[in-house]
Amino acid sequence: MTISDEEFQILNEWSQDLAQALQIPQLPIDHEVLLDLARKSADTITHAAAPVAAFLVGYAAGSRGPDAVDSLASAADVASTLCDNHQKRHHTGE
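Residues 1 to 94 in the working numbering are what the sequence shown lists, from first letter to last.
Worth flagging that the hints you see were computed from the coordinates, not collected in a lab.
Note that the coordinates shown come from a computational prediction; the quantities given were computed from them, not determined experimentally.
Quick reminder that beta carbons are idealized off the backbone N, C-alpha and C, glycines included.
Among these hints, one or two may not hold up.
Distance windows between CB atoms, simulated [what the hints assert, rightly or not]: (1) Arg89 to Pro28: 30 to 38 Å; (2) Glu7 to Val52: 19 to 27 Å; (3) Gln16 to Ala60: 17 to 25 Å; (4) His86 to Gln16: 30 to 38 Å; (5) Asp67 to Gln20: 30 to 38 Å; (6) Val78 to Ala48: 27 to 35 Å; (7) Gln20 to Arg89: 23 to 31 Å; (8) Glu6 to Val78: 15 to 23 Å; (9) Arg64 to His31: 30 to 38 Å; (10) Ala60 to Phe8: 18 to 26 Å; (11) Leu27 to Arg89: 29 to 37 Å; (12) Asp17 to His86: 32 to 40 Å; (13) Asp36 to Gln16: 29 to 37 Å.
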């Protein structure tokens, strides 16, 4: 998902503020991965799946250890594949 430079700056500042408020400063966040996953979840499952997918992927990435960016990408890949599989089953009637 592409967002404008201004939106990215706002999102980045807000994310940093939220991470600090949650006492997880210095948290690297790949906004593009999360936004793409949210879009895909909303498009293939239901709109309500977007925040749930982002939460679960973030939780999984955080529980995997200190390499948050790689863990996030890995967890997002799993969720993306699940979205694809769900869409295939839904459209083929499996």
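Do the hints match the structure? See the list:
At about 34 Å, the CB distance of Arg89 to Pro28 agrees with the hint of 30 to 38 Å. For Glu7 and Val52, the Cβ-Cβ distance of about 23 Å falls inside the hinted range of 19 to 27 Å, so the restraint holds. For the hinted restraint 17 to 25 Å between Gln16 and Ala60, the CB-CB distance of approximately 22 Å keeps it satisfied. Look at His86 against Gln16: about 33 Å separates their beta carbons, and that is inside 30 to 38 Å.
Between Asp67 and Gln20 the beta carbon distance is about 21 Å. The supplied range of 30 to 38 Å is therefore violated. Restraint check, Val78 to Ala48: a C-beta distance of roughly 19 Å breaks the suggested window 27 to 35 Å. Taking 23 to 31 Å as the suggested C-beta distance range, the pair Gln20 and Arg89 does not conform, at roughly 41 Å. Between Glu6 and Val78 the CB atoms are about 32 Å apart, so this pair departs from the stated range of 15 to 23 Å.
For Arg64 and His31, the Cβ-Cβ distance of about 19 Å falls outside the hinted range of 30 to 38 Å, so the restraint is violated. The hint said 18 to 26 Å for the Cβ distance between Ala60 and Phe8, and at roughly 24 Å that hint holds. For the pair Leu27 and Arg89, the supplied restraint of 29 to 37 Å holds, since their beta-carbon distance comes to about 35 Å. For Asp17 paired with His86, a C-beta distance near 34 Å keeps the hint of 32 to 40 Å intact.
The given range of 29 to 37 Å is broken by Asp36 and Gln16, whose C-beta atoms sit roughly 20 Å from each other.
Hint check: violations occur at hints 5, 6, 7, 8, 9 and 13; the rest are consistent with the structure.
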